[in-house]
Each structure stands twice: as structure tokens, then as C-alpha cells.
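Peer 1: Residue 177 is where the sequence shown starts when you use the working numbering, and the numbers rise one by one after that.
There may be inaccurate statements among the hints.
As the list claims (entries may be wrong) - Using C-beta positions, here's what the derived DEER-type ranges look like:
(1) P266 with S319: 19 to 25 Å
(2) Q253 with G316: 47 to 53 Å
(3) P378 with A205: 41 to 47 Å
(4) R221 with G331: 28 to 34 Å
(5) D215 with P294: 25 to 31 Å
(6) F330 with Q235: 37 to 43 Å
(7) Q235 with A212: 19 to 25 Å
For the record, the hints were derived by calculation from the structure and aren't laboratory data.
Backbone N, C-alpha and C fix where the C-beta goes; we use that ideal spot for every residue, glycine too.
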Amino acid sequence: MAAAQGRLSDGADGMDDARDTGEARGGTAVPLPFRAAVDALRTARLRPQVEIEPTPAPQRLAPHAYALEAAVVDSEQDLADGRLVLLHDPAGHDAWRGTFRLVTLVRAELEPEMAADPLLPEVCWSWLTGALTARGLACGEPSGTVTRAGSHYFGGLSDRPPASQIEIRASWTPREGLGGVPDTAAHLAAWCDLLAQVGGLPPAGPGDASVVTLPQRRDPQSR
Numbered sequence: 177m178a179a180a181q182g183r184l185s186d187g188a189d190g191m192d193d194a195r196d197t198g199e200a201r202g203g204t205a206v207p208l209p210f211r212a213a214v215d216a217l218r219t220a221r222l223r224p225q226v227e228i229e230p231t232p233a234p235q236r237l238a239p240h241a242y243a244l245e246a247a248v249v250d251s252e253q254d255l256a257d258g259r260l261v262l263l264h265d266p267a268g269h270d271a272w273r274g275t276f277r278l279v280t281l282v283r284a285e286l287e288p289e290m291a292a293d294p295l296l297p298e299v300c301w302s303w304l305t306g307a308l309t310a311r312g313l314a315c316g317e318p319s320g321t322v323t324r325a326g327s328h329y330f331g332g333l334s335d336r337p338p339a340s341q342i343e344i345r346a347s348w349t350p351r352e353g354l355g356g357v358p359d360t361a362a363h364l365a366a367w368c369d370l371l372a373q374v375g376g377l378p379p380a381g382p383g384d385a386s387v388v389t390l391p392q393r394r395d396p397q398s399r
């Protein structure tokens with residue numbers, strides 16, 4: 177994942193304190209609801225442009241954690257990348273109002289004129305909430321930030337064109353279903369819908385038609 181290398185290593189609410197991939201720590205048995213939630217992630221049906229793989233999960237956010245890293249790839253070009261972390265605390269968490277929490281970081285390159293749109297942060301947040309709503313998913317306590325940044329190059333790097341990026345950091349509490357297990361496969365699919373939207377891909381189906389999309393990049397980042 178060319179877009180992920182070097183870009184997902186500067187910390188994301190503790191997401192980059194990565195040591196494990198959801199295994200039990202300190203000899204504690206992995207709770208069945210967490211194991212079932214992780215197994216469900218592996219059954220999600222995703223768009224072919226989304227390349228996804230497990231990655232080390234943070235240790236300090238919850239007793240149990242599992243993480244995935246993904247990139248949106250089209251014609252051998254990386255359009256967006258991100259990380260999704262599933263957290264579980266069997267004792268519950270007051271801030272989460274539940275025992276599970278999903279935490280995400282999504283990033284993409286933008287054209288400078290697109291990054292200058294004053295409504296871009298609100299639109300990007302609507303992509304996240306819209307992706308969850310489109311799949312009929314209920315969530316609690318959503319929170320996050322949308323950040324846009326621009327880079328200008330000088331001196332020995334002055335031949336590089338200006339670059340702009342959008343970054344979405346968010347977390348939400350998925351509704352727990354039978355046996356206290358949330359539908360993590362559907363949440364993963366919704367997250368991949370968000371990645372595709374940020375990457376500028378067209379909607380995958382009629383259910384996504386109402387979601388605002390970015391225009392295709394003129395010169396996406398090459399792999």
C-alpha cells in the first residue's frame with residue numbers, strides 16, 4: 177500500500193501505538209463477543225478496488241483491539257488509505273456507552289482548489305454518517321475531526337507541485353446485537369464506502385446515490 181506507507185505513522189488517537197492484532201494480553205482469555213466480532217470482519221464483502229489487510233492494533237485504548245488497514249486502488253493508483261480499529265472493553269466504557277468502539281483514520285490527496293472549498297469539512301463528515309445510514313446502521317456517541325492541509329515545496333523540492341490532503345479521524349459506538357456482538361461486517365463495508373467516497377470513486381450501487389462524491393482526481397498518487 178504505497179499511500180499508507182509513511183502516512184499512517186504519525187499517530188491517530190493512539191492508533192499507531194501498534195503491538196498486537198487482537199490476541200489476548202497478559203494471559204486473559206479473548207471474550208467470545210470480541211472473537212465473534214473479529215470473525216465477522218473477515219466475512220465482509222467489499223468493493224474490488226479496496227485492498228485490505230490486518231495490521232497491528234493499539235494496546236492502550238482498550239483491553240482488546242483488532243485493526244485493519246486499507247487502500248483504495250484503481251488502475252494501480254492509490255486514491256485513499258485508512259485504518260479501522262475495533263476496540264472492546266467487556267466492562268463497558270462510560271464515554272462509549274457500550275462495550276465496543278470503532279476508531280478510524282482516513283486520508284486522501286486532493287486537488288488544491290477542492291481543498292479550498294469552505295464546505296469540504298462538513299461534506300466529509302456527511303460521507304461518514306451517510307455511509308453508515310445507507311447500510312441501515314445505528315451508532316452512538318459519534319465524534320471526530322476533519323482536517324485539510326496543504327504543502328508547498330521550496331529549494332531542492334521546488335519542482336514538486338503543491339499538494340493538499342484531507343484527513344478524517346472519527347469514532348463511534350456500534351449497536352450491539354444478538355449475544356452483545358455488533359454487525360462489524362456491515363460497519364466495515366460502510367467504512368470502505370467512506371474510503372471509496374474520499375478516494376473519488378463513483379457510488380457502488382443505488383443505495384449510495386444520495387452520497388456526495390468527489391470528482392475524479394486528475395493525477396492520483398501512483399503506487
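Peer 1: Taking the numbered hints from earlier one at a time, note which ones the structure violates and give those numbers from smallest to largest.
Peer 2: The structure breaks hints 2, 4 and 5; every other hint is satisfied.
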